[in-house]
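Construct the entire structure; sequences and hints are all you get.
Next come the chains, spelled out residue by residue.
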Amino acid sequence: MLIVGELINASRKAIATAIEAQDQNEIQQVARDQVEAGANYIDVNAGVFVGKEPEYLEWLVKTVQSAVEGLCCIDSPDPKAIETALAVHKGTAMINSISLEKDRYESLLPVVAGTDLKVVALCMSDEGMPETTDDRMAIADKLVNSLLQKNVAIDNIYVDPLVQPVSTNIQFGVEFVNAIEKIMTTFKGVHTLCGLSNISFGLPNRKFINQTFMSMAIAKGLDGAIINPLDKKMMANIITAEALAGKDEYCAEYLKAYRANLFEF
Amino acid sequence: MEELFEKMAEVLIAGKEAEVKSLAQEALDKGAAARDILDKGLLAGMDVVGQRFKAGDLFIPEVLLCARCMHGAMDILKPLLSEADAAGVGTYLIGTVEGDLHDIGKNLVSMMLEGAGFQVIDLGTNITAQQFVEAVKEHKPDILGLSALLTTTMPRMEETIQALKEAGIRDQVKIMAGGAPVTQDFIEKIGGDAYGANAASAVDKAKELVA
Ligand code: B12
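Protein sequence lines correspond, in order, to chains A and B. Counting from 1, one number per residue, gives the positions in the first sequence under this note's numbering. Counting from 1001, one number per residue, gives the positions in the second sequence under this note's numbering.
Take the hints with a grain of salt, since some may be wrong.
Stated by the list, open to error - Below, in silico cross-link-like pairs of lysine-lysine (BS3-like), each with a Cα-Cα straight-line distance of 30 Å or less:
(1) K1189(B) x K13(A)
(2) K1054(B) x K1165(B)
(3) K102(A) x K1078(B)
(4) K1205(B) x K1165(B)
(5) K13(A) x K1054(B)
To be verified - Simulated DEER-style distance windows between Cβ atoms:
(6) D126(A) x K1054(B): 24 to 34 Å
(7) Q171(A) x I1121(B): 21 to 31 Å
(8) D231(A) x A1033(B): 53 to 63 Å
(9) V1089(B) x G189(A): 50 to 60 Å
(10) K1165(B) x E181(A): 49 to 59 Å
Worth flagging that the hints you see were computed from the coordinates, not collected in a lab. The beta carbon of each residue, even a glycine, is placed where N, CA and C say it ideally should be.
So, in structure tokens, the structure goes:
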């Protein structure tokens, strides 16, 4: 499972404050903690700062990469902000995300064309939010094929089928996990990735829902997640679900986690 | 009869559709006016639902279920409400602005407005200024409600108000706006009439505007 650490997001108050104050220590500590907890990529988001997003994203990338070895997941719908951040990024970044929304699609496709960048392809279009498995497949099909045509390797494509809250429509959970399965079997070699906390929006006890949903998605083939890696229960849940889904040869990762006391909360 | 209305509100809050319907029918059979059943039974119940949701005591699926109960009972009452009654307290045109696909909040507001007796016309999401203008011309609503959840789509609200002015129909409709990033200040700045911080206050403000 590819883990993207989600904590450096300006929609979180502490992070927004640190960005505005240009407080490197605070950001670097959050980056270090996430890498230590097992994050493969560090998400950076400055979306709440209209007008200043490019400048702040660039600062975030520099700040994070001067503290940890890791790579960044550049989280913005704005191609200008993404390009500014990419210019200072060391190594191959992940872009979060391209979608089928016309403006976003047309402006981001040239940015990722022919590169080695990892690209999150979000199943969203101008027609609205996908609700069913078929809605998602129709968007995924167009996104994956146009990325392939633009010489993005299939192994670098991470389809995000878009989680919608089960509080508003009881079918949203099952339609999502079925989409994971269909995407993974239809486009051989592609990956899926999502932030899944939206599933529990509008309901109490959200952490419990998120964990259970993660297990269901892993069972269907989900192989990437944007989560809080400091959430020990979620991490333990992922490791266990992967073993149960037949992805962990000889239960090696599970046992490694056991010996590292990752199942003690 | 009062007891029957109270019971009706109670089962509506509990989300029991079949019971709400049979109580509505029972009240009709006993000679209650459709309008009274609506006001004293169903709407009284929805009012409590709105308050309890705001207080964090009810959750989104429960509100949706209560709304379904309300709709179920309305199917029985509608043919019996006079034209004037059916139009209710006013007509409310609502939609999410261009570029924005969030609709959970808008849908809740719509439901609570219906619950409060408004006739709601929901245009959906990603609605352009021009589409709002056309819809205002067509439906002649008392109130137009705009929803935006993204800081990047908030400017579309101002553009919509501008487009209504250019079409010469700004004065024919009251304008309300809401969505997480929207504030009272913002609405005053762009020339709207009222702000709704949540579904319950949206209903209160809407009632004030048509009063
Ligand atoms: C659920 C959600 C989604 C769902 C939407 C599902 C749907 N069918 O609506 C999904 C996952 C699809 C989604 C997508 C995106 N989202 Co979103 N989403 C949210 C979330 C978590 C909740 C919004 C919500 O439904 N709240 C619940 C309702 C009940 O509250 P409400 O909408 O505020 O409505 C109440 C009041 O505001 C008021 N009200 C609302 N409308 C109106 C209208 C009138 C007339 C009146 C009077 C009152 C009123 O009454 C309502 C009821 O009480 C928010 C975060 C948050 N906590 O707010 C982010 C959030 C709004 N999303 C955000 C973003 C960035 C996006 C995306 C761009 C993500 C992406 N990576 O692509 C896309 C954009 C899609 C698009 N083009 O619109 C950001 C916006 C940041 C910003 N600065 O603008 C937020 C704040 C999350 C964050 N912290 O970063 N999202």
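Here's how the hints hold up against the structure:
Pair hint K1189(B) plus K13(A) holds up; C-alpha atoms about 26 Å apart against a cutoff of 30 Å. For a cut-off of 30 Å, the pair hint linking K1054(B) to K1165(B) is broken: about 34 Å separates their Cα positions. Annotation: proposed proximity of K102(A) to K1078(B) is violated, straight-line Cα distance about 42 Å (limit 30 Å). Distance restraint check for K1205(B) and K1165(B): the Cα-Cα separation of roughly 22 Å lies within the 30 Å cut-off, and the hinted pair is therefore satisfied.
With a C-alpha separation of about 23 Å, the suggested pairing of K13(A) with K1054(B) holds against the 30 Å cut-off. Between D126(A) and K1054(B) the Cβ separation comes to about 33 Å, which falls inside the hinted range of 24 to 34 Å. The given range of 21 to 31 Å is respected by Q171(A) and I1121(B), whose C-beta atoms sit roughly 26 Å from each other. In this structure, D231(A) and A1033(B) meet the distance hint of 53 to 63 Å, their C-beta atoms being roughly 56 Å apart.
The hinted window of 50 to 60 Å between V1089(B) and G189(A) holds, with their beta carbons roughly 58 Å apart. The hinted range of 49 to 59 Å is satisfied by K1165(B) and E181(A), whose Cβ atoms lie roughly 51 Å apart.
Comparing the model with each numbered hint stated earlier shows that hints 2 and 3 do not hold.
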